[in-house]
Amino acid sequence: MIDHILSVLIFFPAVAAVFGFIIHKDSMRAYGVAVSVIEFALALWLWFAFDSNVSGMQFMELIPVVPSFGINYILGVDGISLFIIILAAFFTLIGIASLTDTKNVKNMIITLLFLQMTMVGVFAALDAIIFYVFWELSLVPMLYIIGAWGGPLRIYASVKFFLYTFAGSLVMLVGMLFMAYFYYQATGVWSFAILDWYRLILPESFQLWLFAAFFIGFAIKVPMFPFHTWLPYAHGQAPTIGSVILAAILLKMGTYAFIRFSLPLFPDASVFYMYPIAILAIIMIIYTAMVAYAQEDVKQVVAYSSVSHMGVIILGTFALNVEGISGSIFLMIAHGVVSGALFLLVGVIYDRRHTKMMDQFGGLAHVMPRYATIFGIMLMASVGMPLTINFVGEFLSLLGFYQQSHTLTLLAGVAIIVGAIYMLAAYKKMFFGEITKDENRNLKDVNKRELLALIPLSIITIWLGVYPKPVLGPINNSVESIVQLMHDKATSVEAKIRIPNVIEGIVITRTPAGEAH
Amino acid sequence: MLAPVNVSLESLNLMTLAPMLIPIVGALLILVIDLFKSNLDKTLYVGVSLLFLFMDFFALYDASTIFAQDGTMLGVFNVMLIDGLALLSQFIIVIASMLFIPLALTHKRFHEFSYPEFFALFLFMIGGFQFMVASDNLILIFVGLETASLALYTMIAMHNRDKSFEAAVKYFTMGALAAGFFSFGAMVFYALTGSIEINQIAAVLAGNGYADIGYVLVGVVFMLASFGFKLSIVPFHTWAPDVYEGSSAAMAGYMSIVPKIAAFVVAMRLFEFLIHSGVIWLEVVLYAFVVITMTAANLWALVQTDVKRMLAYSSISHAGFVMAAILIGTTQANSALFLYWILFSFTNLGSFSMLWISRQKHLPDGQSSDHSYDKFAGMIKTSPMAAVVMALFMLSLAGLPPFALFWGKLYMISSAVTGGYTVLALIMALNSAIAGYYYLKLIVYMFMKEPVVGVNGEVYVSNATNALKTIIGIAAVGTVFAIIAVNPLLEFITAFVYNSGY
Amino acid sequence: MENLLYIALFSPLVSSLFAALFTATPKKQFIGIIASLLIFTSFVSSSFLLAEILITGTPVHVEMMTWMATGNLYIPFGFVVDQVSVTMMMVVTLVSTIVHIYSIGYMDHDKGFNRFFSWLSAFVFSMMVLVMSDNYAGLFIGWEGVGLCSWGLIGFWFHKEVATWAANEAFIMNRIADLGMLIGIFLVYWNTGTLQYDGAFAAFATLDTATLTWIGIFLFIGAMGKSAQFPLHTWLADAMEGPTPVSALIHAATMVTAGVYLVVRSNELYDLIPNVGLFIASLGAFVALFAASMALVNRDMKRIIAYSTLSQLGYMFAAAGLGAYWVALFHLMAHAFFKALLFLGAGNVMHAMHDELDPFKMGGLKKKMTATAVMMTLASVALAGIFPLAGFFSKDAILESAFVEHHFIIYSVLLFTAGLTAFYSFRLVALIFHGEERYKLFGIDPHEAYKFMLIAMSPLLLLAIIAGSLKMTYYEMVTALLPATEYHIHNHLVYWIMTIGTQLFVILAIVYAYKKYANSKVTVPDGTSAMENSFGYKLLINQYYIPYFYEEYIVKSYRELSKIFWKQVDLKIVDATVDGIAGVLYSTGERTRDMQSGNLSTMLKWMVAGTIGLLSLAVVFGLAVRYSDAILAILSGLGV
Amino acid sequence: MEIGLNHYLVLSTILFAIGLVGVMRRKNLLLLFFATEILLNAVNIAFAAISHYYGDLTGQMFAFFVIAIAASELAVGLGLLIVWFKRHGTIDLDTMTSMRG
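Protein chains in written order, with my numbering: chain A, 2 to 518; chain B, 426 to 927; chain C, 3 to 642; chain D, 126 to 226.
Just chain A, same shape as in the assembly (with noise of 0.2 Å):
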């Protein structure tokens, strides 16, 4: 079984989404919390038999699909995709366990299921057509957990969700075919294999083309300034589970598909497209964070800090390094514990007072001690605390970036400024200061189900940022793998410059003062 744990892995979620059908709906909860723990053991089953010390692909699974057009099957895990893929089964664990009382809960729990399989398998999928399938697919579970369980303007957000990512893919998918037609020129055989791709080393000036058409699909999903307009609507009118789910593992696959296709593949452009990104993600962090400053609804806060938070991976993955890209893959980790955990807490009040309006609430602490206290830890992490799991990852990618630019990277450190002020902002409005609605007098503080929820969340966020060690040493294998393979790919002078030889050991740019600012 462990040589196909991934497959056990992607389909064993949808077999039983199919089973649920049959099962009553009052079972439904725990059918649901049954599949997802299995599903969560399996998850950590492959981290155990995972090999650290290995940096390439393992638990690989070859099955040809459409051979006579380079169509395969492939799955396989390296340290990149390892802890997304936990995460992912970690998140659809915690997410059905909590649910709160929802109508129609038999068709969530299946949806949710459904939705499961798509994220393994987006990231598990080592073949881009394999890749693009997953990565559409998940947009329907998504498009009828917000259509259906979301706000007033649900269908709306929904829509727009849909539309939105599905016309970025489809420029993406174009890109795709086109790289599988290189690969076609150059070798007669059709291949739509990543680890075939990555042998291929392209002219410039195709790179540069090609890293435009993956990135309207990548950049769309993640989302990057400007094309970020469907977050805050997804998340805002999306039901709690819905946007834990969105935040915490969805927006990944964009920051991940960078790592996984632009980065290796072109490595040229990448280092060509760096500056302009990089201004993008800077644009992000600090544009958003205002915005998020701005907002009267504190779910469309942690909306667009997610961005902002995006806007650091996004950064963190163009540093070209070791230390940038790993950090960023930290960080999407990070951030998916951190803006999971902040949509959770969200819900627990919206639960309860049914708004999520700022101005309603005021001096929650005096009556949701613990709620206000995971809420403030979550807080803090999210504002790059050291020693909660942000940190490390922000850490991390702004030090790698710092190699590449210094008066950039001085830009973006102003997330640690910026993110302090909206989200602190934030919970004084909703925390601190006199209870002045009597509805708020006697709220309950958070139940023992949010708190199983909730606790393991919190536990992560510490233990990580504490420890990070066991999640970081894969990362670390494999990225240097990846970076080693765009040093030796890249074919521009600059680029074999600002993509450092792994293998040689650190070279210590000093850089004259005159030219770092």
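Derived by calculation from the structure, the hints in this document are not laboratory data.
Where is the CB? At the ideal position from N, CA and C, for every residue including glycine.
You may find that some hints are simply not true.
Stated by the list, open to error - DSSO-like mimics (lysine-lysine), calculated; alpha carbons at most 27 Å apart, straight line:
1) B:Lys786 <-> D:Lys211
2) A:Lys107 <-> B:Lys894
3) A:Lys438 <-> C:Lys162
4) A:Lys445 <-> C:Lys607
5) C:Lys30 <-> A:Lys445
6) C:Lys113 <-> A:Lys429
7) C:Lys607 <-> B:Lys588
8) C:Lys162 <-> A:Lys430
9) B:Lys588 <-> B:Lys533
10) A:Lys104 <-> B:Lys786
11) C:Lys30 <-> A:Lys449
Said to hold, decoys possible - Here are some chain A residues the structure puts well away from chain B; computed CB gaps all over 12 Å:
12) Ile24
13) Glu137
14) Phe193
15) Asp197
16) Pro204
Use these hints to put chains B, C and D onto chain A, whose structure you have.
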């Protein structure tokens, strides 16, 4: 004086006629049966039709094994041309017809199916289409085309509603005009080359180096107009939405598949040699047609309030999409055309069948058309299974992986990329995104709104019988598990297309 | 030794976590006691470590575990106890222990008692990490940790709007500086390949001055935030909204001195870049004067002390910037003792006065609160730098070093500030403890604090008095690590003139303050007196209008800009573009759908029109091909 | 003047154009059918002429088929027309606009 005709039966190669003759014999048989005993149940006719279609299928299978060994066959004074395109398209025609004909076994009683003539016409029509695709003689193409079309007009009218007659009249009149265009175009080619066989025309034109390019283009224009009508290329598409709306859903589904593949094959035969000979004008015009048809039809589909009409526009858009294959003209593109169309057949058959089973004798309360979006509101609550299946078809039409049509789109866009039409590939991709909206709209209605009509869900399956459900089941399975079939299909198609020299 | 180190480091953490378990439960006295005991344990361990260092002179260096390791970056949780850090540890643990004990009494009636101890111990832990870390990243952990705890403690009474506002202000302002710090750390890493102090210091020598300058500047920006140097100083005064023990521990003795510690710790860096050092010294001198001037007129007891802290931090930076690191560290230590004492005394007064902060509303409290009065007076004497109290030795050393280094402007500024310091300190003492009992007007019945609180304060008093005598021991110890520059004015005459002159100047200021404020004519100002309406007074009482400027021009514009970004840019431009594209597509469909008019005649016309259109295109094309030569000729004739 | 191929072709084209105009202008269904007949017969003339010109029978064969098809088309067309007339009492095209947009 003409010399006495002296041909050996061998050289006629009558085998090539067998697939077309079988449905015609079947049609005649049905008429004969009716002569002897009228008022037989429609199941009999459905059965007989299916039987003959199966025979047709085996005849085709037989022919295709011969083709696989010996290559292209000519027959009957070299009028018949059995090549890969002919075989593939006939397979599509016959299989789609086999899937269509059980749709006559509805729960509610519909006027047309009580006439045996309907089934006879149906079989005649199939014969007509088969002639059309299996020849490169313009006369035979014309005859096949008209046989099929006339039968089709009649069948539409037999639905016996005001709208059906209106649709039939519109379709008929425009069809007559298109026939005029076709014959004029054929005349121009005949005048230029002295031949009405496409390969002869091509040879003569190539021989004189397209000296009279202006006149050639005049001929091409009329042919384009004629096939533009059949393929519903903007601005020759105007019949399509009305005809789809006026005819029964089953008929509309059928029309969106079978006549078009026949027309595509002829268009391939007729236009591709011109493009390959460097007639830039045609390339430019086709490019424009492809883009305009895809885009405009999508935009119109966006604003529809009736699902069937929306599907009509969507079919136009899909046709435009597939037109690109003719423009690109590589083996991959032509294979993509067939692959796309096969996968499209399953999906579209399914979606129209879903409309068909929800068809009532009378308009739903408060609705101005049979299948308005409102009718499907909240379907997931009242009739979840049907809603899920319908959603599957919509997602497939939208090109969402891994459902059937995605693989067609994938291969088609890939052929555009490979053929050097990068911008076209992008336009195709973006059009798929636009199209996503109106397919999604139905899903939104079904899954995210509160029911408006038919709270008990009865309305969605009012016309359902086991036969219809089976057809939908087949379509659904074909849509969902298309991925398994793609590879064998692709290998089969590519071999056939390649061996026909396209 | 390692165990001692770990005990010193982690017992505050244990204390914090222990108290955290009870945050949701009602007040429990034993939590305060246990927390104090644990911090005391830490103090004892630190003392043992100090003894060890004093005896052997070899630092204790441990590496607990890896924190971050990726690429070439390797950051462990490493801790070092050397002469510098052990000094800080002593200061931190000692003041913390006292503040913990004191708080048992001070927070007696507060329902957040348990939470308070959790935060307070957490702060001690963060501070210990800050001073004990053997690398910049670890320092940054502590750095941010103390910021967090400071946020939690300033906003401890979260129902008060001003408190939470001040907490956020402090946090955000610190964050601004932390960015500088972070950039400094990045610079260190990419230029030296390590963040360990020893490795980095060793590599600094090989770097060029420009790079070092940037490193120095960015690290100092970090220090400016934490130590509230101009222009990031406004948070410190506002932070006085927190409970007074917090002010004593965090905003006087420990956290705010972290910046000084950073500069001292990085002395090997700043030694290489004297220009930056000079800048630091100048800024320090400026802040010393600047803050002292604001303290002159302020009417909030705690704020006066806070400005005084600010001013003393300026002294420390002046010393550190001039390379007199050991002097800076010494002043840091001495200041911690008397300033914490001052704050705790102020806490007693506040308790007695039911949280009244305006000294003009007090007066004559020495009768009711003799012990507190004595302590605060002595602390003020120490602060003013009167022989033989602690302040004299440390402050005198700073003045001397400025003089010796020939920075006479800095020297004169600092000297002048010393006078101001004396004045405002004793203005405060005089207003609180002497003169008429003005509090009676407000119906308050003051009482002395709990005995154990006073006893707890007594070690501070002792140290404020005798710390000066430890100077030489201290000097010998830390100069193992810091540059052992002795600042002696070799001309004895000059030395005596200066010393005695300074003392006289300071005493004069004290006398003046007493004269002005200890008499019975002092009344509660009502805003009518000529002085209150003078420009200078207004400028000072409004803190040079800097908070006003920040609020009006930075905070407000940030808020407005955020609103504009959201409402105008995000919704009306970015999002509207996306929706606009969709809208254009949709409305195009809507507008052109009339093409399908439903009329057969129109449909036929479309068909014919299409054909004719194509036909004309074909004709044009055909003609163009036929006459292509002619067309080319015409075109070339036209010069195309 | 001898009547040559071109004359026939011009005649055919003119007739075809007349047919087209008729198709566009006529609102009466019956006249519309006439117009389509003119179209087809215009082509027939050309076919016959070209066939003669080439001395090849194919064109005439085509013409015969066109005639046959035209006849059957008309049969269907008239059938539809009669049904429409029976139902609506008019054969004006403008009455057929129940579907649009």
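Structure-based check of each hint:
1. B:Lys786 <-> D:Lys211: It holds: about 22 Å lies between the C-alpha atoms, which stays within 27 Å.
2. A:Lys107 <-> B:Lys894: holds (25 Å)
3. A:Lys438 <-> C:Lys162: The hint holds at about 16 Å.
4. A:Lys445 <-> C:Lys607: violated (72 Å)
5. C:Lys30 <-> A:Lys445: holds (24 Å)
6. C:Lys113 <-> A:Lys429: Given that 27 Å is the threshold and the Cα spacing comes to 20 Å, the pair holds.
7. C:Lys607 <-> B:Lys588: Distance of about 21 Å is within 27 Å: holds.
8. C:Lys162 <-> A:Lys430: Status holds; Cα separation ~12 Å.
9. B:Lys588 <-> B:Lys533: With Cα atoms ~19 Å apart, Lys588 of chain B and Lys533 of chain B stay inside 27 Å; holds.
10. A:Lys104 <-> B:Lys786: Outside the cut-off at roughly 35 Å; violated.
11. C:Lys30 <-> A:Lys449: holds (25 Å)
12. Ile24: holds (14 Å)
13. Glu137: At about 5 Å from chain B, Glu137 of chain A fails to clear the 12 Å cut-off, so the statement is violated.
14. Phe193: violated (10 Å)
15. Asp197: holds (16 Å)
16. Pro204: Holds: least Cβ distance 16 Å, greater than 12 Å.
Checked against the numbered hints given earlier, the structure breaks hints 4, 10, 13 and 14 and satisfies all the rest.
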